[in-house]
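Chains F and R, in that order, are what the protein sequence lines are. Residue numbers for the first sequence follow my numbering, beginning at 14 and rising by one. Residue numbers for the second sequence follow my numbering, beginning at 67 and rising by one.
If you are wondering where the hints come from, they were derived from the structure by calculation, not from laboratory data. Be a bit skeptical, because a hint or two may be false.
[To be verified] Listed next, with one range per pair, are the computed distances between beta-carbon atoms:
no. : chain 1 : residue 1 : chain 2 : residue 2 : range
1   : F       : L595      : R       : Q89       : 51 to 59 Å
2   : R       : A495      : F       : P460      : 49 to 57 Å
3   : R       : H187      : F       : L595      : 28 to 36 Å
[To be verified] Distance condition first, Cα-Cα at most 27 Å in a straight line; then the derived BS3-like pairs of lysine-lysine:
no. : chain 1 : residue 1 : chain 2 : residue 2
4   : F       : K294      : R       : K208
5   : R       : K449      : R       : K427
6   : R       : K260      : R       : K188
7   : R       : K432      : R       : K372
8   : R       : K451      : F       : K292
9   : F       : K182      : R       : K260
10  : R       : K499      : R       : K432
11  : R       : K449      : R       : K372
12  : R       : K451      : R       : K499
Quantities reported herein were computed from a predicted structural model and do not represent experimental measurements. Just so it is clear, CB atoms sit at the ideal spot from N, CA and C, and this is done for glycine as well.
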Amino acid sequence: MPSPTVSLQTATTIPPALKRPAGSRSSWSFLIDITVFLFVMAAIYGLYAVGHTWLGPVPAQVEISQSPRALPLYALYSLVRLGLAYLLSLAFALAYGYAAARSKAAETVLVPLLDILQSIPVLSFLPGVMLAMVALFPNSQLGIELGSIVLIFTGQVWNIAFSFYSSLKSIPRELREAAIIYRFGRWQRFVELDLPYSTIGLVWNSMMSVAGGWFFLMACEMFVLGKRDFRLPGLGSYLQTAASNGDTRAILWGLAAMVAVIVILDQLIWRPVIVWADKFKFEQVETAKATTHNLLDFLGRASFVILIFRVAVRPVMDWITVSLAAGAARAAATFSAPKRKTTRRSLLITLAAVILVGLGFAVYHAAGELSDLHRADYFTLLRSAGLTFLRVNGALLIGAIWTVPVGVAIGFSPRLVRIAQPLVQLAASIPATALFPIILLFLIRLPAGFEIAAMLLMLLGTQWYILFNVIAGAMAIPTDLKEASKIFRFGSWDRWRRLILPGIFPYLITGMVTASGGAWNASIIAEYFHFQGGIVSTTGLGSAISGASDAGRFDLLLASTLIMATIVVLINRLVWRRLYRLAATRFKLET
Amino acid sequence: MSTPSAVEAPIIEARKLEKFYAQPDGSRIQVIAATDLAVYPGQIIALLGPSGCGKSTLLRMLTGLSPASAGSVYWHGEPVRDGSPNVSIVFQSFALFPWLTVLENVEAPLEARGMASIDRHKRALRIIDAVGLDGFESAYPKELSGGMKQRVGVARALVVEPEVLFMDEPFSALDVLTAETLRGELLELWLGHKIPTRAIFIVTHNIEEAVILADRVVVLGRNPAHIHADFIVDMPHPRDHKSSSFVELVDTIYRVLTRPDHEHDSAPPKSAAPGKPLQAKAIMLPHTRPGGMAGLLEILQDQGGKADLHKLADDLALEVDALLPTIDTAVLLGMLRLAEGDAFITPDGQAFAQGDIQSRKAMFRKAALAHIPLLCQMQNALKAKSDRTLSDEFFRDLLDEHFSEDESRRQLETAIQWGRYAEIFDYDAATGKLTLTEA
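Next comes chain F alone, as it looks inside the complex:
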């Protein structure tokens, strides 16, 4: 299971700026207030614009403008989609993780389910989800919008859910006991213990998820399903249209806009959030170096924000906690405990029965669809799966081969870390799908050009995870071990074999697990692409999935999706999990 990617900069602290005493207000506060206010106005206008298009009727043919002037609005549309999908993911992940961690019965089902859901290629949901959503809202754009949001959601949610679940499971015993002995109700416990304890994991996984969201955004803003052509105005559709027209200028404009949005998001949202999240680090002593963030200071100083926090947020939270506590006390006095348990149990049983019936129904129909396929179809699919397997693992291998030496070189030099880290982060956050058209422009003329481009897309989508982790691993190798290898005059091969490779092994595996899943998913785009007015494709499982949805062949789509999910689950179980265990036992650097 991919654990949160090890971050390079978790070791920062800051006194929480939001609770800064009001005394630190400067004479700038008036201007700050005005700026914040203008931001709010702009946000309200944005909401209005989005709502207007969403609820509007379905135009016969959505034209995706190729003018750079359309880009700001398109960027806004894409951002809103991404943001809503993220919020949905967060809410769902919290509920899922909470249920899995709190109820033994739920845990036995939900945790393995999470493992499988993570392995299902999101993009093969695309046709089904879209058709369902469009059927729900036939008269407005809302259907397609919701469809794309749901798709991005399915790509984002699982790692957040897993992170929350494992955080909850690792809350120290005495903290849990303190919450019980001081009679925290569910709500208070959630707000004052569960959520804060999980914050850091949630933040890092949210960053990863949103970066992954951009990847899928490219695919689901515009696609063809049988005879139907779905289009949503946004950065993804802009880039896709530019790619199919072969319009290099528009591709570059679109790419520039996307990089700009990603950088702005990083600076305005993620950096401050990371610094803020440091407050929730579960540590007993303060780390030596405190990092501050300008924006956070800025917001903390805005009297406007402080006022909202004091007047609106604090009292509301307070009121909820206190009234829930009082309510629980009353309820405990009125109802006897055992009765509630039986009603809850019967409710649970009913729910489980309903789910099982639905599941049986779905499996019955799926089996019907699958039995319609010929043996030859399955043979073709398996052969395709073999080819994709080779491509995925080739990409992983190439990724590992170049990232390990580079990552170690960076990790061993503090100066290089400072320079390379932001660059790597930026490179990693640009979705490979956006770069793909450009790569194709160069490679399509070569013999086997698409084959190379497909591998390159997989590589682009995955190598950063590996590089990140290798850098972190190299940084974590203790200096005394490095010195020991110097004193004993290890040759460079011995140094690699005895020190560096074992040292980075757990990190390398962590990166490869995430990369492997990502590469399988990327094959759906990499092996089948609309380009310069036509389709370029190569044989593979990903191309089978894309081709089946283009042609509206649900039986093939279902079969290929199931095959891919099975392969990913099997590889995780048989290879990665074992290596992971080895990494956690034998190659763990412990003190």
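Assemble chain R onto chain F, guided by the hints.
The following block gives chain R in isolation, referenced to the frame of chain F:
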């Protein structure tokens, strides 16, 4: 403080309180034997015992945090329902919420009781002032020293005005001087009647701490936990470490702690389900490494082969908790003999102390195979296999019949440590395989 009188009813009373884990085969792993214990108003009661003996489990059952397997806990004569008793716990690790300020940490229990914001503030500030944290209200726990953190822990516990204040090794994570200061402050609050708390129940493995604070010291024996001795400390506060009555009591408790209590070891285990043969009770290995015992024996040898345990602990600056397992190991291996709080080195022990690395290993091997059935059993099992190799899972399953899951894991870890040192077998941690060492 008044001594318990027959007139005054206990606040908490545990009757035949037991903790055990039922095994799938119908037998039980007994953690705490049927125990009667009462907490009377006006008393500080200290529960003393070596680590891992079940003190904390007993505390958690008394507070209602952990359910009893059998027997029950009564509060003012009423059986405890979940969460009804008004108690607080001060935790060893402080258990403060690092994302809340000192004030918010102290207010949290009041918030849980649905108290309005203004009242909460007033009450929290008053108690923060009382424990000497004035001026730190808006600090976060990580900005505070260990002593300050535990003051927050105490403030949070006292703010709900608990009837009984439970403390689970509250000072053992602090340095000696800070612990001393905090003990003094606690006594000041208690003796000066500055808090409405009617009794304090403190779990500790520090004998002096128990004797300084408590009006009554209950000594717990282990495997399974049971009350071993019960002392009334009838000395006025402040108590002097150096006074003869103080030293005498500490010595007596030492003696009791190290005295093997045969009456419990020979009692038939309660485990047998009807019709099942009684299992021979497994010897519980103390969790130590062979190296520690060598050091202890060398020191004893230097001191002429005999030492007072209390003095030994003092000399080594070790708490009894750290010393006792090592002593147990040496006794188990026949290298040390205990009598009346004194430790005597045996001829075997002398030979061991004087030996070099290789001969020590040989002696350890001989003693281990002679005195420790588990290691013998492991050696025989490995010999019986043609490839001389077995998985650690196999032995864990064996141990699971006698110990709880955690304990059997620790037992196996210890056994592997000892077996490797004695060169009885090799162990590959990656594969979990034990292989017999060929002689």
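Cross-check of the supplied hints:
| no. | hint | result |
| --- | --- | --- |
| 1 | F:L595 <-> R:Q89: 51 to 59 Å | violated (32 Å) |
| 2 | R:A495 <-> F:P460: 49 to 57 Å | holds (52 Å) |
| 3 | R:H187 <-> F:L595: 28 to 36 Å | violated (54 Å) |
| 4 | F:K294 <-> R:K208 | holds (10 Å) |
| 5 | R:K449 <-> R:K427 | holds (20 Å) |
| 6 | R:K260 <-> R:K188 | holds (16 Å) |
| 7 | R:K432 <-> R:K372 | holds (24 Å) |
| 8 | R:K451 <-> F:K292 | violated (56 Å) |
| 9 | F:K182 <-> R:K260 | violated (39 Å) |
| 10 | R:K499 <-> R:K432 | holds (23 Å) |
| 11 | R:K449 <-> R:K372 | violated (40 Å) |
| 12 | R:K451 <-> R:K499 | holds (13 Å) |
This entry does not satisfy hints 1, 3, 8, 9 and 11, going by the numbered hints stated previously.
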